[in-house]
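A.B. asks: Each chain, letter by letter, is given below.
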Amino acid sequence: MGEIVKLLDNYKPRHAKPVLGMSDNTLILAWLYARTGVSGFYAPGFNDLSRSPGERTAQSLERVLTGDINWSLEGSNNWKDGIVDAKAAWAKNEGVWKLQEGECEGEYLVGHMGRLMNARLMGWLPDFKNKILMIESFTTNPVVFSMELEAILNLPGAENIKGLCIGRFSAIAKIAQDVLQEIISSKEELKGKPVVANLDFGHTYPIVTMPFAGRAKLIARKDQFLLEGTSL
Amino acid sequence: MKPIKHVRLVSPSAMYAIKTPEERAPAFEFAGKLPVTLSLGRLAGDRKNVAAWNGVDPSGTPEERMLELREAFEDGSVDALWSTRGGALLGRNR
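Going down the list, the protein sequences come from chains V and W.
Heads up, the first sequence stops at 240 in my numbering, and the numbers go up one at a time, no gaps.
Heads up, the second sequence stops at 422 in my numbering, and the numbers go up one at a time, no gaps.
Just to be clear, a hint being listed does not mean it is correct.
Here are a few chain W residues that face chain V, going by a calculated C-beta distance under 7 Å [as the list claims (entries may be wrong)]:
1. Lys330
2. Pro331
3. Gly360
4. Leu362
5. Pro363
6. Thr365
7. Leu368
8. Pro390
9. Leu409
10. Arg413
Simulated from the structure, these hints should not be mistaken for lab results.
Just so you know, even glycine gets a beta-carbon here, dropped at the ideal spot from N, CA and C.
Construct all of the structure, not just a fragment, from the sequences and the given hints.
C.D. replies: Set out below in structure tokens:
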């Protein structure tokens with residue numbers, strides 16, 4: 009593993025406090041949670057605020073900073089690929105992709121798919137049994153995403169996750185709804201479980217800030233969608 | 329949860345974590361509307377690291393990045409840490 013991760017492994021902060029960050033910072037969030045029990049926040053990196061991330065991103069951050077850790081994801085009207093492309097403009101959002109219908113409620117973890125897997129393999133996270141997994145991936149494509157999803161679902165306990173929520177992909181991933189539907193349908197571990205995607209977290213705007221670990225409720229029906237949560 | 333009032337910016341990433349003040353100005357402008365006070369960690373605020381960015385040592389050594397994190401964690405006036413960016417936390421590109 010990388011250098012700073014090894015250094016973190018030997019450090020326990022006396023004054024634990026939340027960390028805000030996303031992507032590879034998933035590892036820091038997992039380490040903090042494992043070592044101190046403090047849940048940080050899956051939030052845009054500070055530099056990611058440089059490209060007009062939108063009012064919803066700001067409102068979500070403000071809510072967390074003022075002490076309200078409840079969140080909900082409804083599927084915003086517009087999105088922007090602003091982290092990848094400095095010149096990207098706001099465009100109409102397709103809304104939530106309900107790839108598999110169902111309902112679930114329970115503890116969740118949110119993070120970059122690969123780094124969540126790293127944290128699990130390092131022993132910083134318990135197994136994923138009965139968890140709702142909320143994942144996103146940045147530099148990916150259909151083949152890589154399918155392989156990485158297979159890898160995370162092959163971890164002990166992951167075959168018993170309650171549901172899967174996926175953050176919106178950047179356009180460079182070339183993962184449209186029909187492509188993702190095919191990938192999800194191919195995963196035995198996800199049969200009969202709710203799976204939704206194109207959600208407002210990850211490497212596109214807007215970004216909803218959420219506690220790294222918490223409780224969530226997901227209802228994904230043809231005529232109904234609810235995804236909300238809070239900290240533990 | 330009690331409100332977060334003082335946030336320390338830190339740069340744990342090994343990869344172009346530092347932006348110049350000019351590049352980062354829009355982020356500060358955006359964050360200026362948030363109800364927090366921001367302070368800069370030793371790397372997040374160190375302009376000389378910008379000049380060093382050429383794939384060599386963009387944001388300090390791992391030990392320096394760890395020190396920045398420790399300082400923020402040990403500072404009782406800081407309520408939360410905010411990572412400047414992700415990327416290559418696991419990297420060996422230095």
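A.B. asks: Hint by hint, note whether the structure agrees.
C.D. replies: Going through the hints against the structure:
1. Lys330: Constraint on W:Lys330 satisfied, holds at 6 Å.
2. Pro331: Result: holds, 4 Å to nearest chain V Cβ.
3. Gly360: Cβ of W:Gly360 sits 10 Å from chain V, so the hint is violated.
4. Leu362: 6 Å, holds
5. Pro363: 6 Å, holds
6. Thr365: Check failed: Cβ of W:Thr365 comes no nearer than 11 Å to chain V, outside 7 Å.
7. Leu368: This hint is violated: W:Leu368 lies away from chain V, its Cβ roughly 10 Å from the closest one there, beyond 7 Å.
8. Pro390: 3 Å, holds
9. Leu409: 5 Å, holds
10. Arg413: Status holds, d = 4 Å.
Comparing the model with each earlier hint shows violations of hints 3, 6 and 7; every other hint is respected.
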